[in-house]
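Undergrad: Listed here are the chains, written in short residue letters.
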Amino acid sequence: MGYLRIRKLGKAYKRYPRKWGRLAEWMGLGVHHNLTWILRDVSFDVAAGEAVGIVGANGAGKSTLLKLITGTVRPTTGSFDVGGRIAALLELGIGFHQEFTGRQNVYMSGHILGIPGTQIALLMDEIESFAEIGEYIDQPVRTYSTGMQVRLAFSVATAVRPDILLVDEALSVGDTYFQHKSFDRIRQFRDQGTTLFFVSHSPAAIKTLCDRAILLDHGVVVRDDIPDAVLDYYNALIAAQRTEYEIWQSARAPGRTVTRSGTAEATIEGIELLSQGQASRALRTGDQAVIRVAVAAHAPVPTLTAGILIRDRLGNDVFGTNTFHLGASRSGLAPEEALMVEFSFTSLDLGAGSYSVTAALHSGDEHTQANFDWWDRALVFEVLPGNAPVSIGVCALDVSASWRTRVSGVTVPVPQCP
Amino acid sequence: MLRECWDFRGFILASVRRDFVSRYLGTSLGFFWAVAQPLTMILIYTLVLAEIMKPALPGHASRFAYSVYLCSGIILWQLFSDLLARSVGIFVHNAALLKKANLPKLAFPIIVALSGLSNFGVILVLFLGFMVVIGSFPAGSVFAMIPVVFLVVGFALGLGVLLGTVNVFYRDIEQSTSMVLQFWFWLTPIVYPGRALPGFAAHLLEWNPMWPIVNFAQTIFLEDRVPDWSTLLYPAVVAMIFLALGLVAFRRLSGEIVDEL
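Top line first, the protein sequences correspond to chains A and B.
For the first sequence, position 139 matches number 138 in numbering that gives the first Met the number 0, and the numbering has no gaps at all.
For the second sequence, position 88 matches number 87 in numbering that gives the first Met the number 0, and the numbering has no gaps at all.
No lab work stands behind these hints: they were computed from the structure.
Heads up, none of these hints are tricks.
Among chain B residues calculated to face chain A with C-beta under 7 Å, some are:
hint : residue
1    : Gly9
2    : Ala100
3    : Gly254
4    : Val257
Beta carbons: idealized from backbone N, C-alpha and C, even for Gly.
Construct the complete structure from the given sequences, taking the supplied hints into account.
TA: In structure tokens, the structure reads:
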């Protein structure tokens with residue numbers, strides 16, 4: 000019970016370049032399609048009670064793999080063998096009808112999941128209390144908030160402990176409280192012996208829940224190992240891809256995909272990130288680094304300040320400064336004068352992740368005074384985990400930890416939970 | 000395949016019930032609307048056409064002759080067109096379910112059939128009630144309606160599943176269905192008597208498998224006699240052919256249906 004055997008599983012979709020190709024094929028007039036492979040030769044075993052996380056970029060074939068195992072999509076090649084009842088949290092609330100009450104929809108969802116009505120009746124109280132929607136259970140679903148619908152759907156989907164549970168990002172549902180609650184339920188299932196098959200973009204979720212992770216890339220199993228090893232490899236893989244992409248993008252169309260604004264008495268001609276003297280788009284936490292900004296004046300500029308701002312992937316400011324604050328402003332620029340300013344970091348202590356650099360030219364201490372040029376996301380770079388101990392977050396603080404015996408009488412105050 | 004459907008009988012029955020209830024959910028008159036629509040149509044045709052058509056139905060003196068003629072044809076046609084129109088969109092409209100849940104695909108035509116039959120049942124009961132009221136209930140021949148209804152369901156589902164499968168890949172099918180059904184309706188002697196047609200049209204009509212079916216029902220209700228069973232042979236063969244074609248198309252393409260949706 001609960002095992003999963005996947006053998007050389009492959010899925011290809013037929014593409015018909017011409018509209019009537021399919022019809023011609025039905026008529027027996029040769030082959031008119033080519034195959035687009037989504038998954039190829041995927042083989043692995045999952046033992047009963049194991050928790051396996053699946054990671055991979057969008058389009059790597061994760062969802063297709065889940066759909067194949069659920070049985071909604073038919074494999075093109077290979078086979079698989081499933082021991083026991085599968086429940087899939089692929090999409091919550093399939094088959095919910097807006098006009099019917101929560102209770103009626105619970106029955107319907109149960110039928111879709113293959114749970115007989117009599118059994119649902121027995122589970123009803125449990126489902127109701129887990130969803131915590133109170134009186135609303137007898138109201139039409141259209142009056143529910145999204146969170147309530149999702150809570151009810153999750154409660155039904157997990158009302159009966161399956162032998163194998165497939166989860167596709169479904170945990171990011173509801174508010175934080177319910178997220179914890181649903182996470183707990185999945186953990187409970189795992190502890191009771193349910194085999195867990197878990198697709199997620201959240202490394203934290205995979206690390207805490209899974210004993211093993213599988214990395215899919217372009218439909219192929221790239222790594223199958225303990226979660227830490229696989230996630231590190233995955234991060235490096237993304238970094239490599241993004242770096243290449245950014246270089247290509249800026250080479251093809253400089254400044255096209257970013258916002259620039261300013262009066263243009265002086266302009267930014269280019270921006271570079273140098274690591275060990277070499278132009279680079281990827282460096283390691285703690286590396287020495289230089290951000291070099293090339294500047295050209297087009298009119299007499301009495302005072303000039305150059306500034307940089309490092310932002311994280313989400314656009315949050317991480318670090319910013321300018322030559323005014325660093326005591327290095329330039330004054331008296333003549334037209335057509337070309338200059339270069341370098342911001343040198345002896346150790347760039349950023350956490351692993353993707354960052355952008357915004358550069359600006361203005362006079363005075365702020366760009367609000369006279370803004371010559373402002374170039375958003377002029378440069379994108381990756382920081383890979385260095386040799387420092389593993390940490391999360393945008394900054395890599397220098398930290399150490401040590402243990403000592405606690406002398407009796409010395410207490411550390413513990414905050415009380417309300 | 001059938002075994003799987005049996006395992007999901009709960010789903011099938013719940014879907015049929017939901018289908019029936021959801022149409023009238025939120026309306027205050029509820030069930031009334033199920034009846035009002037066909038009733039209005041019959042009323043309009045009767046009021047407008049009964050007098051004109053009287054000479055076309057010689058030998059039937061009853062005031063209600065035309066109404067009976069019209070109703071017996073129209074209720075069968077309604078069943079047919081309802082089933083056909085719904086089964087053409089069957090896979091496309093249930094895309095979300097088919098993609099996300101592992102349900103036997105054959106459950107959907109079954110739902111359509113049961114759901115169509117339940118609507119038909121309501122209207123049939125009303126019509127039979129009307130026949131009792133006007134005192135011409137065809138007690139001796141009404142049982143012959145049972146195979147006729149099965150025939151209509153088989154024909155509509157066979158054709159519907161065939162077109163429904165193709166419709167997944169070429170959505171034009173669904174667009175054209177309602178148009179074709181309109182033509183088909185007027186090319187079947189339901190509103191007018193079959194004799195009213197000119198010669199060339201009458202020849203064309205012989206190919207229409209719905210004519211013998213409709214004609215069979217009209218004879219039952221109008222004359223209270225069971226017509227010659229052999230007239231149903233042609234429609235039965237056509238229905239079998241389409242059922243077989245539909246099943247073949249479905250079996251060969253059912254894997255690709257989900258891929259394409």
